[in-house]
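So the protein sequences, as listed, match chains A and B. Residue 19 in this note's numbering sits at position 19 of the first sequence; the count goes up by one each step and never skips. Residue 76 in this note's numbering sits at position 76 of the second sequence; the count goes up by one each step and never skips.
The hints are simulated quantities; they were obtained by calculation from the structure and are not laboratory data. Note that the structure is predicted; figures quoted are calculated from it, not measured. C-beta atoms are modelled at their ideal positions from N, C-alpha and C, and glycine is treated no differently. A hint or two may mislead.
To be verified - List time: in silico DSS-like cross-link candidates among lysine-lysine, alpha-carbon distance up to 30 Å:
(1) K64/B - K33/B
(2) K64/A - K6/A
(3) K51/A - K65/B
(4) K60/B - K64/A
(5) K51/A - K33/B
(6) K60/B - K51/A
(7) K51/A - K64/A
Unchecked claim - For the chain B half of the interface with chain A, some residues (derived, Cβ under 10 Å), not all of them:
(8) Q9
(9) E13
(10) V57
(11) E85
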Amino acid sequence: MEDILKIELETYANGLLDLLDKHEGEYVLIKGDQIAGVYVSERDALREGYKLFGKGPFLVKQIKRIEEPARFTSVLIRF
Amino acid sequence: MPSITGRTQNIREIGPVLECLIAPSQIYIDTLKLSKDELPEPVKVRALIDTGASTTVVQKGIAKKLGLNVVSVIRIGTPSHINVECEVYDIAIIFDITRVTFPNIMVIEAPLEGQDIQCLIGRDLLSTSVFIYNGIDNSFTLSI
């Protein structure tokens with residue numbers, strides 16, 4: 001995968017402790033090294049992302065203490 | 001509750017497969033105030049309803065065809081790989097025959113190979129649906 005959201009993911013990791021403190025379970029919107037906002041729903045975060053940054057890219061991520069990977073049993077997915 | 005029923009000659013061999021269209025999400029279209037002329041042509045895919053997939057997946061390259069940018073990243077685990085980072089896109093899924101639509105869904109983009117399947121409909125989408133697999137009748141019904 002290209003490092004297309006590398007800076008946004010670093011911004012999320014750097015701000016995670018503060019975000020967890022006040023907004024655990026909510027959705028953060030990040031562009032570059034800036035946290036643009038925190039929203040109760042994923043759809044609200046996406047809507048605001050398109051309003052602020054047009055077609056993107058930007059990062060919307062649920063604020064979680066532990067992030068479990070999505071699970072697949074299918075062998076159709078091949079990297 | 002709108003329903004889609006599919007029937008195949010041998011559902012055990014082929015699985016619950018149906019034709020879908022992948023398009024930009026309704027939130028994307030509404031927020032960016034895109035007119036019909038500005039919208040890309042939806043991409044037709046063959047989708048497998050996969051209860052072993054926690055999240056819906058589309059074939060790598062579809063988002064680019066639709067001119068969409070990545071909006072998130074998550075890690076996934078498969079039988080052969082653990083903690084692989086995948087890009088996430090915001091799309092709509094339209095079931096081709098009935099035009100029943102999931103207007104806003106966040107999907108993973110990943111390489112799907114080997115069986116002419118370009119989309120796995122996962123448990124995220126099934127979490128708001130009723131899925132009936134009728135092996136005796138070689139049919140399935142998805143009610144949304």
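Q: Mind listing which of the numbered hints don't hold for this structure, in increasing order?
A: 8 and 9
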